[in-house]
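Asks: Produce the entire structure from the sequences given, and follow the hints as far as they go.
Sequences listed follow chains A and B, in order. The numbering of the first sequence is my numbering, which starts it at 18 and goes up by one. The numbering of the second sequence is my numbering, which starts it at 18 and goes up by one.
Just so you know, the hints here were simulated from the structure itself, not pulled from any lab data. Check before you lean on any hint, since a few could be wrong.
Remember, identical chains collapse to one label, so a pair may be satisfied in a single copy or spanning two.
Straight-line distance between alpha carbons at most 25 Å, and here's what the computed PhoX-like set of lysine-lysine pairs gives [claimed, not checked]:
| id | residue 1 | residue 2 |
| --- | --- | --- |
| 1 | 430 | 481 |
| 2 | 69 | 108 |
| 3 | 270 | 355 |
| 4 | 42 | 68 |
| 5 | 614 | 567 |
| 6 | 562 | 55 |
| 7 | 226 | 430 |
| 8 | 270 | 352 |
| 9 | 270 | 339 |
| 10 | 481 | 247 |
| 11 | 252 | 236 |
| 12 | 614 | 549 |
| 13 | 353 | 430 |
| 14 | 669 | 108 |
| 15 | 226 | 55 |
| 16 | 270 | 353 |
Number of protein chains: 2
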Amino acid sequence: MPSKLDTILNPRTLAVVGASNDPEKRGYRAIATLQADKYQGRIIPINPKEKKILGLDCYPRLQDVPYEIDLALVCTPARITPDVVRQCGEKGVKGALLLAGGFSEASEEGAKLEAETAAVARQYGVRLIGPNTNGLFSARYACNAIGWFDIPRGPIAVLSNSANVALSLVTEAQNHRYIGYSTMLSVGNQADLQFHEYLEALGEDPDTKAIISYVEGFKNGRAYLEAARKVTPLKPIVMYKAGRTAEGRGAAKSHSGSLAGDYVVASGALRQAGIVLVTESHHLYPVAEALAILPPMPTRRVAVLSEGGGPITMAAEALAEKGMVLAQLTEETQKKLKAIVPNASALSNPVDAGGGTDPRAEYYGLCGRAILEDPNVDALLMVGYFGGYTTRYGESVAETENRYCVEVAEMMKQHGKAIVVQTHYARFRTNALDILRNAGVPFYRDIETAVQCLVSLADYSAAKQRLTRAAATSGGVNAQAAATAIVDGARRAGRTCLLETEARELLGSYGIEVPQTVLARTADDAANVVAKLGSGPLALKIVSKDVLHKSDAGGVKLNVAGLDAVKSAIAEITSSIERDLPQAEITGVLAAPMAAKGVEVIVGVIQDPQFGPMLMFGLGGVFVEVIRDVVFRAVPVTESDVREMFSELRYKKMLEGARGFPVVDKAALTQLILEVSTLSSAHPELVEIDLNPVIAHASGYTIADARMILADA
Amino acid sequence: MPSKLDTILNPRTLAVVGASNDPEKRGYRAIATLQADKYQGRIIPINPKEKKILGLDCYPRLQDVPYEIDLALVCTPARITPDVVRQCGEKGVKGALLLAGGFSEASEEGAKLEAETAAVARQYGVRLIGPNTNGLFSARYACNAIGWFDIPRGPIAVLSNSANVALSLVTEAQNHRYIGYSTMLSVGNQADLQFHEYLEALGEDPDTKAIISYVEGFKNGRAYLEAARKVTPLKPIVMYKAGRTAEGRGAAKSHSGSLAGDYVVASGALRQAGIVLVTESHHLYPVAEALAILPPMPTRRVAVLSEGGGPITMAAEALAEKGMVLAQLTEETQKKLKAIVPNASALSNPVDAGGGTDPRAEYYGLCGRAILEDPNVDALLMVGYFGGYTTRYGESVAETENRYCVEVAEMMKQHGKAIVVQTHYARFRTNALDILRNAGVPFYRDIETAVQCLVSLADYSAAKQRLTRAAATSGGVNAQAAATAIVDGARRAGRTCLLETEARELLGSYGIEVPQTVLARTADDAANVVAKLGSGPLALKIVSKDVLHKSDAGGVKLNVAGLDAVKSAIAEITSSIERDLPQAEITGVLAAPMAAKGVEVIVGVIQDPQFGPMLMFGLGGVFVEVIRDVVFRAVPVTESDVREMFSELRYKKMLEGARGFPVVDKAALTQLILEVSTLSSAHPELVEIDLNPVIAHASGYTIADARMILADA
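Replies: The structure is reproduced here in C-alpha cells:
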C-alpha cells in the first residue's frame, strides 16, 4: 500500500491547473511534455475557457472533474495560489505542485503569500511541492512534469535544492547512458513538504536504489537525520552539502535563502546518519552509480592493476591521500602473478603487468582474478586502457578484450568484491566498455573519480554496518534527580551559567570522573586546601557567576605549591577580582591538583540551528583555537560514532604518542564522551557543555575546566 | 639556428635501425606509422638483409647511408645497443632513440649495459633518448615515431616519465578536439638526455606554447630548476609531480626507479621556478589549455555568473577553498546588472541572472560585459548551461546563443580578462560551444576543473611576474672570512656539528641578530652570568660536542631566576651530564635571557637529494612536530620567494595574531630568512642549518636554539 506521498510523487491522475492552448504558456508545454514522454496516467487540463487542450477534455474547475486526482500541476500565477490550493482541498486532491516563483524567495509580500498558501494546504490536508520549483519527474508512470526531454530512466533519485544542479545530472546521464533516474525533484521553497519527507518516501520507493542530493540548508535538520537513519541502511544517499566556505554559505543564502550552517557540524551529523558526502560536484553521479551497483567493501584495502606505470602511481597517491590502504598481496598471489606475467614490472601492489607495447588485455582478467582471490584485498582498481585495446590495436584483439570484459564482471560477482575501471578510452564508449558496463562493472575517465567511488563505497559500507548494528546508548541514570536539583538551584539563583563547582558536581552525579577540588572562601581556608589536596602544585581559580574571563581578570593561578603560596594566591585572586570587578559576587576560589602533563582535548555539547544538540570532540589548545580540529555528532552518540570521531580528527596522531606526548587512553575518553552524550540527552536544558581542556593521559583523563549553560527557563 | 637537440626532436632524416619487412616487428610498424602519418622527412631503413622496406631503399649499415642523419630510431634488441650507438657515432648521427627495454629498469646487468651505452654515446657525442621509451612524436615535420595514431596537433608539448600518462593525454585531446600536441616524449631511463635538457629545447621551440609534464623523480633536480626558471617566464609548465604519499613514492620507485623525494620540498622548489603543480591527473590537460590561451590574471578576484543557482554556490565553494577571492562588484556594476535583469536572483557576486525557465542565453553576454568592465574583477567564471541553450530549447534560440558566444570571446580579448565557461552541455559539443571555443574561450564540464584552471592561471601569472622581476639576493658579505674561520676551527677539532656557541657566533658574523649569551664554565661563573644578563629569568643549557639530546640528558634548565638559582642550575646541569654521559667533553653552560612570549617558528637549510640546499621556513613546536607546517625554497631565495613562503603556510593565521599570540614582525623574519639564505649560499659546507625555535615577536625575534652541521671535509 503506497503512502500518500508516494502517490503524489508517482501520480496516476494529474490535473494541470492553468492548462492552455497557447504553445508559449507553461500550461501548454507541461501537457505537451507529458504526452511526448508517454505519461501512463490520465492528464486532466483545467481551464474555464477551453473545451479541449492537446486533444484532451478540459474541465472548467477542479470540482468538475469526475475522477480522484493524485496531483495538481499548478501553472497559474503566484497571487491566486492560495485559492487554487483551496480548490484542490475542496476536491480532495492529494498534492499540488506549485511551479510559480514570487514567494518567500522574492519578497516579504511573497513570504506572506507562501504562508497563506501553506495554511490553506494544512487546513485541507493537501501536500505541497514547492512553490518555486521547476517540477517533478518520476519514471514509474513516465510522469515528466519537469520540462526536460530525454531524461534517462533508472534507479537513481535526485532530491535537490537547485533545478540547475538536477539538469546537470540529467545531461551527465545522457552522456553516460548506463544509469538514469527514478525520480527528480527540485524542492523549491519547501513551504510544506521538506527534504526529510521526500527522503522517507524515496527510501520506501522500490524503483530507487540510490539517492543523489544537493542541499544548501535544512529547514528541519533533526527530522532529516531521523529520516536518513531509516533510509541509509537500505540505500545510499550521496550528498553535496553546501557551506564549506563563507563564500559558499553566502551564495546558498542568496540562492535559496538557506542557512547552510556550520559545515563541520553538518558533515558530522550527516555522516553519522550514514550519508555519503562528496565535495566535488562532478562526483555526485559516478559515486551514486558505484554505490548502486557495486558489492560492499568490508575494509579499505584496495589493489591497483595496470599494464604500464604512471597511472598506478597516480592511483596510489589518490588512494593513500583519501585514507584508503594499498592491500598487501600475499606471497601466493605474487607467485600467481609472476606465473602469468614473468616480466611484470611490479608484482607487489600496485601491480604493473606490463611495460611493453604489445596488446595484452587478457592480463587484466588473469591478474585480476589472482588479485581478487587474495584474502587481503577488498576491492580492485584497474587503471590504464582496458576497454580501449581494440580501439588502439585494431579488431584482431577485439575478441580477447571483449571476453575478458565479461570475465572481469563475473569475477566481481563471484568474489563479491568491487572492481572499478579507469580507462583512457572511457569517452570513446568502445564496444568492450559497453560489454563491461552492461555486465555490471563501472568505468571512469579520471583516476581520481574512480578512487572517490571506492572511498565512498568504503564510507557507505562502514556506515551501513554501523547503523544496522547500532543502538544509541540508552542512558538510564538515576543521577537525573541530583542533576536536576543542581539545575533548579542555579535557576532559582537567576543564573543560566552554572558555577564551575556546580558543573563539576553535575558531571560527578553522572559518574563522570572529576578531580577532587576544594573551595576556599578566604585565605584562611588555605590550610584546609593543603590538608585535603596536598601542598601542590595546585591550580587555583575564582568561582563567581560574574567573572566570565577568569584569566584576564587575574582569577587564575597555576603551579601554586606550599601553604604560604596557596594562602597568598587565594588572597591575590580575591583582591584582583575585587579591584577589577567590584560588583562581582565571589563564591570562592576553587583549588585542584595541577593535572599531569598530557594532551589537551575538548569535549562538549553545542546547539546547532539545523541539527539541535551536537556532541563535539577534538583536540584542545591551538588545535581548537587555530586549527579547529574538532568533529561533531548528533546527540545521542554510540560507541561506533565515537570511534569514527577519533578517526576523523585531522591530527589524531597527537593522541597516538606524538613527540613529547603520551599515547592517550582512548577507552577512558570514549567513556567520557558517551557519558556526556547521556547527560545531554537526559538534560536538554543544558544547551552548552564545555569541558575544555580535558587533559588526556596515558591512563585516564583530567577535566581541567567545566562550563555549562542553561536554556532560558 | 636550431640547437642540436631541436634537430634531434624534429628530425628531417630518420634512420630506422632494425627496419623489417615483417609486419609484426617494431622495425616495420615504426616505418608504417611514419608513412601513414605523412612524415615530411626522409626515412632510411637499415637492415643488412633487405633491399627495400615499405617501398624505401634499405641500407645494410648506417655508414652506407649517403646522407646526414638527424635521428636513428633504434628498434634492435637491448644487448647490441652499445654497438649500434657506436655505429651512430661513427656515422655522425646526432641522436639515437632507444626503444628497447631491459636496461637499468630491469636488472643489474641491464644497468651495466645502459652505462656502457651511455659511455659510447658520450665518446662520440651522440645524444640518447631513452632507453626504455616508447618513442617520440613531433608535429613540425609530422614525425610520428611513437606508434599511436591520430595524435591531435597543436601547441602543447608533453614530457613524461610514463608513456601511459602520455597516451591518456592523447585520448583526452582526441575527445577534446580543440588543442593538441607539438611534441610528445616519454623520457625512459634518461641514460643521457634528461628532463632538464628536453625542457630547455622545448622552451626554445616556437611550436610549443605550453608544456605538460608528468614527473616521478629528477636525476638532476638542480639543473631542472635552472632550466625551468628560463622557460616559465616564456611559457607555462603544468606538472603532476609524484610523491605526495609514501604509497605514491613506492609506486614511482617500482615504475621508473625514480626517487620521488619529499613532496613538500619538491613542490617548494618547483613553484619557486614558476612551475604550475596540479595534484589531480585529469587537470593536466585542461590547465595547460587554459594557460596556453587565456590572458593573465593580475590578482585572484573572480566573478561568477550563472542563470540559476546551485552551480554558483558550488563555484563559490571551490573558488574560496582554493584561495581565490570572490570579487566585490562595484555599485555601478550592480546597477548595470539590475538594468539588464530587473528580477535577477542575485546581483552581488556570484551573480544569478535567472531563476526562471525561459531561455536567456543573452544574459551571459550582457551581464558578462558589465562584470568585465568592473575594475574589481580579474576573471569571469560562467557556470550553468551556456552553450547548451539551443540543445535544450531548440533552434529558435540558436542565433542568439551563437551570437553571444562570439561576443563573449570578443569581450575577453577587449578587456584582457580571462573568461572560462562551465557548462552542463560540454560533452554534447554543441555548435554554440564550437563557436565559443574557436573564438578562444575554453569550456569545461566540471565546475571544479574550471576553478582549477583559474587557480592555476593566477598561480602562473604571479610566478611569471615574480620571475621576470626577480634577481636573487646577491649576498656579498665580508663576513665570509670570519665564518670560515669558525668552520675551520670546528673541522680542526674533528667536529662536523658546530657547538651552539660557534653557530651563534657564525650567525652574528652575518649580521643576524642573536641574543646576548654568557658561557659559564663552572658554577662560580654564575656571578658573571648575572652581572651580564641580569638575574633572570634565564635559560641555561649545556654546550658539549658529545651531547646531542640536551633536554633528555638533563642539560637544559628554563626560567632560572636569581644568582643562587643560576649557580645551582649550572652545577646541576654539569653534574647531570657528568653522571649520564661520563665521556662527554663539556665546553660549558650557555646562559641566555628567556625569550619573551611569541610564536615559535623554524628557519633552516636542509640538503635535498634532488634539489640541493633548500631553505625551510615554517611554524615551530607542535606545528613542525605533528602538523609539519613548513615550506621550502631552493637557496638562494628572494624577497618574493619569502612572501610566497609566508602565504603558503597552512596555519599562517598563527603569525597573524591568533588568540593569545602576537602579530609577528614579518619584516624581521623575512630579513632573517634572506640572511640565512645568503649565509647558505656563501657556505655550501654548512649542509644543515636549524634555527629552532625562533621565537617571533611583535617586534623582532629571538633565536632560541641554533644548530649547524658541516659536510664531511
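Asks: Evaluate each hint against the coordinates.
Replies: Hints, one by one, checked against the model:
no.	hint	result
1	430 x 481	within (20 Å within a copy, 53 Å between copies)
2	69 x 108	within (21 Å within a copy, 90 Å between copies)
3	270 x 355	between (58 Å within a copy, 19 Å between copies)
4	42 x 68	within (17 Å within a copy, 78 Å between copies)
5	614 x 567	both (22 Å within a copy, 20 Å between copies)
6	562 x 55	neither (71 Å within a copy, 88 Å between copies)
7	226 x 430	within (18 Å within a copy, 48 Å between copies)
8	270 x 352	between (58 Å within a copy, 21 Å between copies)
9	270 x 339	between (30 Å within a copy, 21 Å between copies)
10	481 x 247	within (11 Å within a copy, 55 Å between copies)
11	252 x 236	within (23 Å within a copy, 50 Å between copies)
12	614 x 549	within (22 Å within a copy, 35 Å between copies)
13	353 x 430	within (21 Å within a copy, 60 Å between copies)
14	669 x 108	neither (60 Å within a copy, 64 Å between copies)
15	226 x 55	within (24 Å within a copy, 52 Å between copies)
16	270 x 353	between (57 Å within a copy, 22 Å between copies)
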